[in-house]
Amino acid sequence: MSQAQGAYYVPHDSRWPVFGIPGMVLLAAGFSLYLNGGSWGMPLMVVGAIITLIMTVMWFRDVVNESVAGKYNTQVDASFRQGMAWFIFSEVMFFGAFFGALFYARVFSIPWLGGDDPATARYLWDSVALSWPTAGPGFLDLDYQAMGPLWLPTINTLILLTSGVTLTYAHHAMKENHRNKVIAGLAATVLLGFIFMCVQSYEYVHAYQDLNLRLDTGIYGSTFFMLTGFHGLHVTLGAVALLVMLIRVIKGHFTADDHFGFEAAAWYWHFVDVVWLGLFVFVYLI
Amino acid sequence: MSSTTHDAHHDHHDHAPPKGMTRWLFTTNHKDLGVLYMVFALIMFFVGGAMAMVIRAELFQPGLNLVDPHFFNQMTTMHALVMIFGAVMPAFTGLANWLIPVQIGAPDMALPRVNNWAFWLLPAGFVLLLLTLFMPGGGPAGGWTMYPPLVLQLGDAFPFLIFAVHVLGISSIMGSINIVATILNMRAPGMTLMKMPLFVWAWLITAFLIVAVMPVLAGAVTMLLTDQYFGTSFFSAAGGGDPVMFQHIFWFFGHPEVYILILPAFGIVSAIIPTFARKPLFGYSSMVYATASIAFLSFIVWGHHMFSVGMPLAGQLFFMYATMLVAVPTGVKIFNWMATMWQGSMTFETPMLFAIAFVILFTIGGLSGVMLALAPVDLQYHDTYFVVAHFHYVLVSGAIFSIMAGVYYWLPKWTGHMYDERLGKWHFWLSMVSVNVLFFPQHFLGLAGMPRRIPDYALQFAEFNMISSIGGFAFGLSQLIFLWVIIKCVRGGEKASDQVWEGAKGLEWTLPSPAPYHTFETPPVVK
Ligand code: HEM
Ligand SMILES: [Cu+2]
Chain A
1 MSQAQGAYYV PHDSRWPVFG IPGMVLLAAG FSLYLNGGSW GMPLMVVGAI
51 ITLIMTVMWF RDVVNESVAG KYNTQVDASF RQGMAWFIFS EVMFFGAFFG
101 ALFYARVFSI PWLGGDDPAT ARYLWDSVAL SWPTAGPGFL DLDYQAMGPL
151 WLPTINTLIL LTSGVTLTYA HHAMKENHRN KVIAGLAATV LLGFIFMCVQ
201 SYEYVHAYQD LNLRLDTGIY GSTFFMLTGF HGLHVTLGAV ALLVMLIRVI
251 KGHFTADDHF GFEAAAWYWH FVDVVWLGLF VFVYLI
Chain B
1 MSSTTHDAHH DHHDHAPPKG MTRWLFTTNH KDLGVLYMVF ALIMFFVGGA
51 MAMVIRAELF QPGLNLVDPH FFNQMTTMHA LVMIFGAVMP AFTGLANWLI
101 PVQIGAPDMA LPRVNNWAFW LLPAGFVLLL LTLFMPGGGP AGGWTMYPPL
151 VLQLGDAFPF LIFAVHVLGI SSIMGSINIV ATILNMRAPG MTLMKMPLFV
201 WAWLITAFLI VAVMPVLAGA VTMLLTDQYF GTSFFSAAGG GDPVMFQHIF
251 WFFGHPEVYI LILPAFGIVS AIIPTFARKP LFGYSSMVYA TASIAFLSFI
301 VWGHHMFSVG MPLAGQLFFM YATMLVAVPT GVKIFNWMAT MWQGSMTFET
351 PMLFAIAFVI LFTIGGLSGV MLALAPVDLQ YHDTYFVVAH FHYVLVSGAI
401 FSIMAGVYYW LPKWTGHMYD ERLGKWHFWL SMVSVNVLFF PQHFLGLAGM
451 PRRIPDYALQ FAEFNMISSI GGFAFGLSQL IFLWVIIKCV RGGEKASDQV
501 WEGAKGLEWT LPSPAPYHTF ETPPVVK
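Residue numbers (the numbering used here), protein chains in the order written: chain A, 1 to 286; chain B, 1 to 527.
It is possible that part of the hints are untrue.
[Stated by the list, open to error] One-sided excerpt, in silico: chain B residues whose CB lies under 7 Å from chain A: (1) Pro243; (2) Met245; (3) Ile249.
[Claimed, not checked] Incomplete in silico selection of chain A near chain B, CB under 8 Å: (4) Ser14; (5) Phe31; (6) Ser32; (7) Gly70; (8) Gln75; (9) Gln82; (10) Ser90; (11) Met93; (12) Phe94; (13) Phe98; (14) Ala121; (15) Leu124; (16) Ala135; (17) Gly136; (18) Ile195; (19) Leu215.
Quick caveat, the hints were computed from the structure, so don't treat them as lab data. Predicted, not measured: the structure shown is a model, and the values here were computed from it. Ideal Cβ positions, reconstructed from N, Cα and C, are used throughout, including at glycine.
Using the sequences plus the hints, can you model the full thing?
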């Protein structure tokens, strides 16, 4: 505490970013080679992913150590808040691109291809009738079923909403210094996140095996899997973040009025929650 | 653990920078990172410039003369990507890094580690991107806009292009989050928002735009990737998607992007003109509001890039009128710069020359923009050299000129030496004349129907193309003077005073020249 009083903490050097850069290049180049069918792609990609992972873990470890050592004053805390808030905003915009694709397909391209736009209909697929969900005019005889809201997605909605409640419970407990309640709330949240991912995985298996609904099932399959897939990825990240926070709570890193790490993870979780509600309404329900 | 002890050891801020290469690799110092960004941008400016020279050499005369058409297409595509993501954006980010903390009285940027990462992602992205030129099938050749289905014909380079865009996107998002956090959280006591220098304001809004639209580009190129390799149908009509959808998503990013490339320029020019007119900036608050309105409007005008693609009439009308509205706040700015100069006691050092040239030439680019905004006539102009002339007036004699103005303006503060004013003037006048010889004839080529992105052309376009190429070579060569002036100034020269320029106002001019490694560790109080 005393050391950092007043002064804004600026680390003198930072090694992990530069350490991680070759990892990111390898990850990207390896993935590219893999996609191009090169046999070197996969191993390079794995090495890159490991380096990137090490960077992430070590970097966060440094920050946690500094935080525990009391180097961060309230202004540093505010910087972290700003950083996290704007990062989440950028994530919202990322999802916006995919929601935009979904809306565009449903409002414009499907009706146009289905005859609303005479020119398109005449030159491409004459007089096909298209309505959502569809795999597109080129795959009219494809036999698949759409994923309705019942029951898996509805169950998952309830799970995520409940996890929001347990997380808020943990947050209140944190502010009142009830460590055991924090641990209980957080553990419940992580567990619910885990169950969510299990249900989601089961839903994917169900889609592929029983419904013949796949990533390449036209625009419906594309939007369905890309939106739910990226969401699932974010749930996983959020759950890992919450798990780390759980460990930090157990280690006693937080106090009633100084626990931004926890709050950042919580913000992220709520963001993932809200995205799910959007998904539930626009991908499953209507 | 080691890091904790290491830092504890350093806690009493030693003021000298560490020695050797690792200083630059591991630095968290905003001035070091600012320098790295600017050096990187300068290198990329010459890389992209070399590609432009290839383009103009091929177009010197009609016929296929020098390079293979496929290579020509790679040059136009890579030139744009390198200049936008490698030269202009990093140069502005470098200026932001160096200047924003000293302009608002902060000890450093808010998130110094993120700052280091954001910079080093740039070389990573460009390794991925530039390597594509040596791959089977060559580098990206379908235009920087990456429209499907054309871009899907790219060979092995395709995934590298996509991931390069991702990496560069992460870099600029991280850089921008840091800038927003710095501006909102690190201002010295008394430095209220409406007292901030306009460069800081411009960057606050630019950084917001970057955080808002770079992820959208990332999403768009991700869809390209999955369409290519994982069987999705976002941009394929057979699957119910639409290639035009890519254009909508791309330009939702793309138009704000062009403002990302110009708003910081507005900030630089708004700093320089008052200094050399020796008058406060006219209409400070209207400048702030105009910048914010431009940023807002930039989200609702993307359709003007797509008039000729096919769009419902209502869409055409909406995008046309919304685009023309942009001219209003832009006009406010140009008026304010002129009013600042009005009756000022002006002198014409190199920064001021570049700034004045910016005002004049950017206005020409803005006016051709308004012409392009008219949906019915854009059908004629679209994808012709008229568009090329338009965006080069706003980008070269706009963004790039402002960066040069800024470099001349702050170079004495960075190096502690005055640059060679005589060489600076040579650089300016050669650039000013050649940039117009280079780009003005392209307006006429475009109006007469010469398409863009093409290695050969009909005979009636020969003369103007030759003139344009001559201007191009002259402009390219003139930039070597710029390089020389910078090197010379770093190595020595007349000692610069703290204030450097007689009329300069603001916190950075209260610091010694060169500014010490750490500044404002205890915040100044701004009245
Ligand atoms: C008054 C302000 C402006 C207006 C009304 C305007 C309007 C337009 C229009 C309508 C087009 C599309 C033309 C076509 O493709 O047919 C266009 C293209 C372009 N503009 Fe602007 N513009 C303005 C300012 C700017 C600024 C400030 C920049 C960048 C610094 C810029 C950069 C570009 C670029 C790069 C393109 C070409 C994109 C491509 O097709 O590759 N413009 N502009
Ligand atoms: Cu535009």
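Hint check results:
no., hint, verdict
1, Pro243, "violated (10 Å)"
2, Met245, "holds (5 Å)"
3, Ile249, "holds (6 Å)"
4, Ser14, "holds (4 Å)"
5, Phe31, "holds (7 Å)"
6, Ser32, "holds (4 Å)"
7, Gly70, "violated (11 Å)"
8, Gln75, "holds (7 Å)"
9, Gln82, "holds (4 Å)"
10, Ser90, "holds (5 Å)"
11, Met93, "holds (4 Å)"
12, Phe94, "holds (4 Å)"
13, Phe98, "holds (6 Å)"
14, Ala121, "violated (11 Å)"
15, Leu124, "holds (6 Å)"
16, Ala135, "holds (6 Å)"
17, Gly136, "holds (3 Å)"
18, Ile195, "violated (27 Å)"
19, Leu215, "holds (6 Å)"
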